[in-house]
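The lines below spell out each chain.
Protein chains: 2
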Amino acid sequence: MQTIDYRTEPSRYRHWRLEFDGDVAYLIMDVDQAGGLYDGYELKLNSYDLGVDIELNDAVQRLRFEHPEVRAVVIKSGKDNVFCAGANIRMLGKSTHGAKVNFCKFTNETRLSIEDASANSKQTYICAINGNAAGGGYELALAADHIMLVDDRRSAVALPETPLLAVLPGTGGLTRVTDKRKVRRDRADVFCSIEEGIRGTKAVDWRLVDEVVPNSKWKDVVAARAHEIAARSDRPKDAKGIQVTPLERTIEGDRVAYSHVEVEIDRARGLATLTVRGPGEGVPASVEAAHALGVKFWPLTVARELEDAILHLRTNEAAIGVLLFRTEGDAKAVLAHDDFLGKANGDWLMREIRLYLKRVLKRVDVTAKSLIALIEPGSCFAGTLAELAFAADRSLMLVGTREGDNREPAAIVVGQANFGWYPMGNGLTRLETRFLGEPKTLDVAKGKIGEPIDADEAAEIGLVTAAYEDFDWDDELRVMLEERTSFSPDSLTGMEANLRFAGPETMETKIFGRLSAWQNWIFQRPNAIGEQGALKLYGSGVSPTFNKERV
Amino acid sequence: MQTIDYRTEPSRYRHWRLEFDGDVAYLIMDVDQAGGLYDGYELKLNSYDLGVDIELNDAVQRLRFEHPEVRAVVIKSGKDNVFCAGANIRMLGKSTHGAKVNFCKFTNETRLSIEDASANSKQTYICAINGNAAGGGYELALAADHIMLVDDRRSAVALPETPLLAVLPGTGGLTRVTDKRKVRRDRADVFCSIEEGIRGTKAVDWRLVDEVVPNSKWKDVVAARAHEIAARSDRPKDAKGIQVTPLERTIEGDRVAYSHVEVEIDRARGLATLTVRGPGEGVPASVEAAHALGVKFWPLTVARELEDAILHLRTNEAAIGVLLFRTEGDAKAVLAHDDFLGKANGDWLMREIRLYLKRVLKRVDVTAKSLIALIEPGSCFAGTLAELAFAADRSLMLVGTREGDNREPAAIVVGQANFGWYPMGNGLTRLETRFLGEPKTLDVAKGKIGEPIDADEAAEIGLVTAAYEDFDWDDELRVMLEERTSFSPDSLTGMEANLRFAGPETMETKIFGRLSAWQNWIFQRPNAIGEQGALKLYGSGVSPTFNKERV
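Top line first, the protein sequences correspond to chains A and B. Residues in the first sequence are numbered consecutively from 0, following numbering that gives the first Met the number 0. Residues in the second sequence are numbered consecutively from 0, following numbering that gives the first Met the number 0.
Treat each hint with caution, since some may be false.
As the list claims (entries may be wrong) - Computed footprint of chain A on chain B, listed as stretches where at least three residues anywhere in the stretch have a Cβ under 8 Å from a Cβ of chain A:
id, segment
1, 166 to 179
2, 187 to 195
3, 254 to 265
4, 385 to 394
5, 432 to 442
6, 540 to 548
Just so you know, these hints were derived from the structure itself, not from any lab. Even glycine gets a Cβ: it sits at the ideal position worked out from N, Cα and C.
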């Protein structure tokens with residue numbers, strides 16, 4: 000199996016181009032037909048695979064960090080007469096179940112990142128549909144804040160998955176149609192049953208797009224709309240972006256190492272240990288100094304490395320079912336960085352870093368692996384890094400010290416970052432979700448901001464699952480891990496996804512719930528993937544044969 | 000395939016007993032080991048199959064209608080040392096995918112009906128766990144308003160599905176643990192990983208039960224608690240229940256007929272037409288007269304017949320993927336009955352009838368078939384019956400009259416019933432959900448209460464999907480049905496479940512979403528049902544072999 004690398008940069012893009020016009024950027028999709036990640040399919044009609052989406056994700060990130068001056072982003076097609084035909088079907092037909100689901104998950108995260116940019120980075124996305132937008136192509140448009148469709152009597156938006164492929168739109172399409180665009184349900188039903196989609200003013204009437212523009216005025220109206228939307232942004236006009244330099248990573252045997260993150264894989268036991276190291280230095284002297292550090296500013300470094308490690312493990316290490324989170328370093332230094340970020344939040348870059356950390360932590364939440372935090376002497380589960388413990392399915396904390404280890408007993412320190420900076424997909428913080436049944440405990444925790452909480456107290460309050468003495472630690476951990484890795488991976492995926500997101504549901508939790516849900520099921524059914532299934536037979540000229548039983 | 004009949008009555012129960020003590024009823028589970036619905040398994044340890052649940056559903060319904068004096072219901076076990084071992088595993092292992100999912104769906108509906116009784120019928124359920132409650136056994140307890148556990152150093156509550164069976168608790172267990180009981184997520188994770196479950200005060204500390212009671216005081220404390228809870232009810236003390244007489248139904252060939260509901264199955268085309276007939280008589284002279292009519296009172300008759308027809312089609316006609324809703328009769332008579340119910344809502348029986356209609360309409364919403372309403376001359380889609388059109392995935396309305404048919408053109412009439420009586424699982428009415436994106440249209444519809452709305456206007460407002468003249472009707476309908484029945488049933492199940500429930504999610508929508516979701520997927524995976532899967536090998540002494548890949 001080829002290792003998928005999420006690291007890229009514009010000079011290496013094969014499928015996207017960036018063009019700039021003052022406060023507006025154009026993100027142009029121009030997929031290289033021959034540039035598929037795997038052999039055996041051609042990326043015709045601007046259809047995409049994971050490789051295309053990796054570039055899109057990179058571009059969306061860079062626009063935030065490298066281009067503070069960009070206040071509106073227009074996604075458009077670089078090809079004539081086609082916007083985007085969606086995920087490549089031959090690629091889907093050849094993919095394993097896991098690859099399909101992981102692909103959809105990552106693409107969903109990119110869509111949500113685009114929405115986060117519009118909502119919180121004030122870099123608003125516009126989709127200028129100049130040609131047919133079908134399936135994932137229209138789903139990409141749905142992620143934009145404003146959808147424009149050219150009225151050329153040809154270009155249409157469509158979600159043809161049900162009629163053509165016997166699966167659902169895989170990137171939250173149905174949910175965005177009903178919950179974001181609020182399309183009337185029977186119209187949505189009709190829309191999702193029409194292969195050729197809907198065009199012109201009807202697409203506006205049905206709330207599928209925001210405006211249609213005659214072909215003759217297309218370019219001008221798109222530009223005007225983009226500048227108009229850009230004018231509403233609070234992004235600074237004269238700031239300088241930072242350079243997002245290549246992320247350094249070494250993979251040696253079963254070890255993946257970055258500057259502050261390290262992953263050790265234990266294949267025999269089916270688990271990996273992910274260690275995050277706290278800051279090696281104090282906070283910068285000023286916000287300007289933090290800008291000068293750029294990607295070397297610790298919170299940003301950690302966000303990038305943690306994100307890459309999580310994506311790597313998801314994509315390239317499917318059989319590793321358990322992820323142990325460890326931290327190493329000085330809790331005070333972590334909290335000082337949080338404090339620095341908090342005080343400087345009026346600064347565009349500090350805001351971006353917090354938003355990025357939020358998104359990375361959300362990637363952790365939707366990762367289909369058992370997450371277990373180990374809180375031991377020498378660790379720094381404080382503030383932002385404490386979120387890793389709160390994101391975990393279970394957390395174990397060592398009481399006191401270890402024989403022969405003269406470090407202080409482990410402590411958790413909560414900080415302001417744990418009370419609002421990093422909402423989960425359900426709109427609540429991890430601590431709010433954790434203490435849904437005991438809101439008073441949330442207040443107790445809030446009262447402890449900045450104070451080291453030792454293992455007994457953390458267990459008493461309920462910040463950790465269990466506290467063990469050194470004497471019991473190894474046995475307890477071993478038994479728990481043996482138990483965990485003996486369970487069915489499918490059942491664990493369902494159970495964890497269920498238990499992680501108590502409380503309110505949002506468009507976002509619906510999207511992921513339904514992905515590791517309906518779609519996970521539908522992707523598995525003979526009606527889709529059997530020898531007579533629609534995904535297998537697509538393009539062959541042979542109609543699929545369905546088992547008609549409804550369940 | 001044996002036809003499953005949902006009709007039963009206490010004299011035919013094999014698994015449940017009812018005992019009465021003034022305002023408290025005891026619903027005693029005492030499963031007849033040899034009384035399984037199918038051959039090949041024994042219902043040991045109070046484990047259950049669909050047949051046991053059909054009796055439970057019947058008992059819950061009867062307690063409402065036949066026993067206004069019952070204000071609290073205690074569910075307990077009639078066996079020593081075991082409360083309920085949950086769904087029978089051998090039965091699950093032998094069931095088809097569809098049978099498993101339908102079984103879980105019906106059982107969920109019964110659980111929600113129990114919760115509706117506590118919340119809205121003021122007949123509050125208490126679960127008195129006298130023995131082990133595992134899996135579905137604990138899920139049954141979770142449906143109660145108050146859970147009591149005997150403290151005998153043995154009895155425990157458990158959700159051992161993940162460790163033992165490689166599937167999830169199938170009846171909303173995980174969701175009720177996190178969202179109803181608000182158990183802390185890491186504790187829920189531990190709880191769901193322990194085969195033997197949790198007992199004693201720890202079960203209270205972890206919010207899994209509400210109280211533990213020493214064995215010596217068990218009976219007295221349960222009775223005292225029940226009477227105490229009963230005292231808070233507003234149910235009348237001296238009212239007389241109505242008799243829920245056997246539902247008359249004839250099945251002849253492809254026709255299922257009741258007094259006011261009729262189903263015609265067209266097997267060749269994979270569809271069924273369900274016709275509901277409006278009231279044959281005017282409203283009763285008084286509430287007392289309605290009581291005297293009992294199950295012959297039209298709204299109650301229709302609720303019972305529609306419910307049975309829906310359950311019959313789901314269970315016994317899986318390959319019928321499309322359901323056409325038709326109505327026949329006088330819209331004014333339907334609205335007069337709504338008006339009667341609305342005015343008499345202080346009466347316990349009228350309240351029960353409205354709650355029942357609400358639950359039946361919810362059964363329609365979660366039915367995995369394409370629902371299409373046909374609104375033609377002679378129909379009475381008014382008030383309560385108009386909900387069938389609003390529940391449908393699509394609705395077609397005939398413009399004007401048909402040649403040779405001298406009846407008035409079709410009209411929809413909305414009434415007060417459409418604006419709050421029948422919330423869907425998402426907590427919104429069907430019209431609120433429909434007009435989520437255009438709240439003003441909801442006001443327009445409200446302004447039309449009582450006025451017949453013809454096809455053109457209904458299409459204009461958006462109450463129907465499309466309006467066709469007689470000239471086009473047959474072709475449009477034929478094309479639509481051919482298209483619909485050509486689609487993948489799995490994809491349609493996912494698409495419809497997605498489009499039907501826009502807007503807020505609730506514990507209820509989570510439960511069904513995750514059922515036709517994670518569980519639908521997990522039930523299908525080799526890790527559960529393959530030759531080496533956990534469901535297949537359960538009880539054989541052989542450990543399952545899992546594909547370890549996480550998706």
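Hint-by-hint comparison with the structure:
1. Remark: the segment 166 to 179 of chain B is confirmed as covered by chain A, as 7 of its residues place a Cβ nearer than 8 Å to a Cβ of that chain, reaching the required three.
2. A stretch counts as covered by a chain when three or more of its residues have a beta carbon under 8 Å from one of that chain; for the segment 187 to 195 of chain B and chain A the count is 5, and the coverage holds.
3. Chain A is given as covering the segment 254 to 265 of chain B, and this is violated because 0 residues of the stretch bring a CB closer than 8 Å to a CB of that chain, at least three being needed.
4. A stretch counts as covered by a chain when three or more of its residues have a beta carbon under 8 Å from one of that chain; for the segment 385 to 394 of chain B and chain A the count is 4, and the coverage holds.
5. A stretch counts as covered by a chain when three or more of its residues have a beta carbon under 8 Å from one of that chain; for the segment 432 to 442 of chain B and chain A the count is 6, and the coverage holds.
6. With 5 residues having a Cβ less than 8 Å from any Cβ of chain A, the segment 540 to 548 of chain B passes the three-residue criterion, so the hint holds.
In summary, the structure is inconsistent with hint 3 from the numbered list given earlier, while agreeing with all the others.
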